[in-house]
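Q: Each chain, letter by letter, is given below.
There are 2 protein chains.
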Amino acid sequence: MGTNPMNEHIVKSYDEEQRRLLNETLRMGEMAAAQLESALDVLARRDDKAAERIIANDEAIDALENEISHDVMKLALRGPMARDLREILAAIRIASDIERIGDYAANAAKRSTALNLLPPLPQIVGLQALGVLAVKQLRAVLEAYRTNDVDLAQSVRAGDATVDAAYTALFRELLTYMMEDPRNITPCTHLLFIAKNLERIGDHATNIAENVWFLVRGEETLPPREKRDLSNTVT
Amino acid sequence: MGTNPMNEHIVKSYDEEQRRLLNETLRMGEMAAAQLESALDVLARRDDKAAERIIANDEAIDALENEISHDVMKLALRGPMARDLREILAAIRIASDIERIGDYAANAAKRSTALNLLPPLPQIVGLQALGVLAVKQLRAVLEAYRTNDVDLAQSVRAGDATVDAAYTALFRELLTYMMEDPRNITPCTHLLFIAKNLERIGDHATNIAENVWFLVRGEETLPPREKRDLSNTVT
Numbered sequence: 001m002g003t004n005p006m007n008e009h010i011v012k013s014y015d016e017e018q019r020r021l022l023n024e025t026l027r028m029g030e031m032a033a034a035q036l037e038s039a040l041d042v043l044a045r046r047d048d049k050a051a052e053r054i055i056a057n058d059e060a061i062d063a064l065e066n067e068i069s070h071d072v073m074k075l076a077l078r079g080p081m082a083r084d085l086r087e088i089l090a091a092i093r094i095a096s097d098i099e100r101i102g103d104y105a106a107n108a109a110k111r112s113t114a115l116n117l118l119p120p121l122p123q124i125v126g127l128q129a130l131g132v133l134a135v136k137q138l139r140a141v142l143e144a145y146r147t148n149d150v151d152l153a154q155s156v157r158a159g160d161a162t163v164d165a166a167y168t169a170l171f172r173e174l175l176t177y178m179m180e181d182p183r184n185i186t187p188c189t190h191l192l193f194i195a196k197n198l199e200r201i202g203d204h205a206t207n208i209a210e211n212v213w214f215l216v217r218g219e220e221t222l223p224p225r226e227k228r229d230l231s232n233t234v235t
Numbered sequence: 001m002g003t004n005p006m007n008e009h010i011v012k013s014y015d016e017e018q019r020r021l022l023n024e025t026l027r028m029g030e031m032a033a034a035q036l037e038s039a040l041d042v043l044a045r046r047d048d049k050a051a052e053r054i055i056a057n058d059e060a061i062d063a064l065e066n067e068i069s070h071d072v073m074k075l076a077l078r079g080p081m082a083r084d085l086r087e088i089l090a091a092i093r094i095a096s097d098i099e100r101i102g103d104y105a106a107n108a109a110k111r112s113t114a115l116n117l118l119p120p121l122p123q124i125v126g127l128q129a130l131g132v133l134a135v136k137q138l139r140a141v142l143e144a145y146r147t148n149d150v151d152l153a154q155s156v157r158a159g160d161a162t163v164d165a166a167y168t169a170l171f172r173e174l175l176t177y178m179m180e181d182p183r184n185i186t187p188c189t190h191l192l193f194i195a196k197n198l199e200r201i202g203d204h205a206t207n208i209a210e211n212v213w214f215l216v217r218g219e220e221t222l223p224p225r226e227k228r229d230l231s232n233t234v235t
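Residue numbers (full-length UniProt numbering), protein chains in the order written: chain A, 1 to 235; chain B, 1 to 235.
Treat the hints with care, as some may be off.
Any copy, or any two copies together, can satisfy a pair, since identical chains are not distinguished.
Within a straight-line C-alpha distance of at most 35 Å, the following computed DSBU-like cross-link-like pairs (lysine-lysine) qualify [stated by the list, open to error]:
(1) Lys49 / Lys136
(2) Lys110 / Lys196
(3) Lys74 / Lys49
In short, the hints are calculated from the structure, not lab data.
Just chain A, with the same shape it has in the complex (with noise of 0.2 Å):
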């Protein structure tokens, strides 16, 4: 088998064409870390034309996905072996975790203009926070993915815990900010939608990292997982 040329030239395609899909959605990940960042930046300059730019490029994190679903389709259609497959499915649900981080950066620069209307919050610090963990977990996740290294996907789920304690004590904080002066209810509301999507975008990159370990191991079952997002229950 391996000695027929013609043999060969298909399997080295599918190769190329395999590393292309690996290549766009790291692609389509840095695109949204990027994003995540300059929300962020965003958010504290209080700069309404960069808000715009970041929502405006939210579309080709979009027609990237598109894209991807383009070429999983063309490499499904030559019957793939069970590893490949992985790969390929890994991928499709990696996209569409990115997409919907793409989303929250974008949601994000949307409050924040709507934000810049109103005086500067002092609060936005704590959010900060936030989002550097957030970042943090996304890179470290694509890099997992990049290397197929386990281990650092295991310590991003491991690592999700602390993003939801920092939302859960950051969306309490907020709170005591709204119950102090009614004026900061509609400021501070942004400040929750926006760590909650932080929060979900936690929540996003374990699962990029659960496919991490489903495209490196298999069907394996994974240890379980602490959850300290308590913020549902707070009275």
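The hints should help you fit chain B onto chain A, whose structure is shown.
A: Same frame as chain A, but now just chain B:
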């Protein structure tokens, strides 16, 4: 070819597997719709026990998504042709949207137990109306998927603007209650998040509608769609 009994056996079995995949995905959708209805009911009746059942049931939806992924793997390994492959890709994407809808229903149930520790809220009425709209969209899109009805799928897509408009109105209403009395802030924040989740369920129904289009029509581009969720820009 058609006279080869061996070949026919393979073809028939593939169709059976594919029908199984569709039925599993529809069953998953039905479970999510039932969970959503129960969550709305539990919010109205302030029933902690029923809320706990909804939260526990979410695992069954997640398990079904895993089963669907497994079946998708098995089918894809058989090297399907273009339309069959679209069927598979649509199933995996639709299952992922349904999984999120199930999460949102469970999250509403979780928040209802927190709300039950506080005095009853009259604002629950507007939330129920939004919930009814979300359930309607979900059931319609599942029917469109079951019957491959692109027109019905298109009407679900168009209907999302109504969900968005209802959400934006409710969002503004809830903010006024929070401003009127600081004691409303914590409970109304939970309602705000539940409302946002219902709006997101509308978005997932729209995603499913777009997958029905993709499934039936292939890569043809979709007509543009109106967006009416203006809550991101409320000041």
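Q: To test your reading of the hints: which numbers does this structure violate?
A: 3
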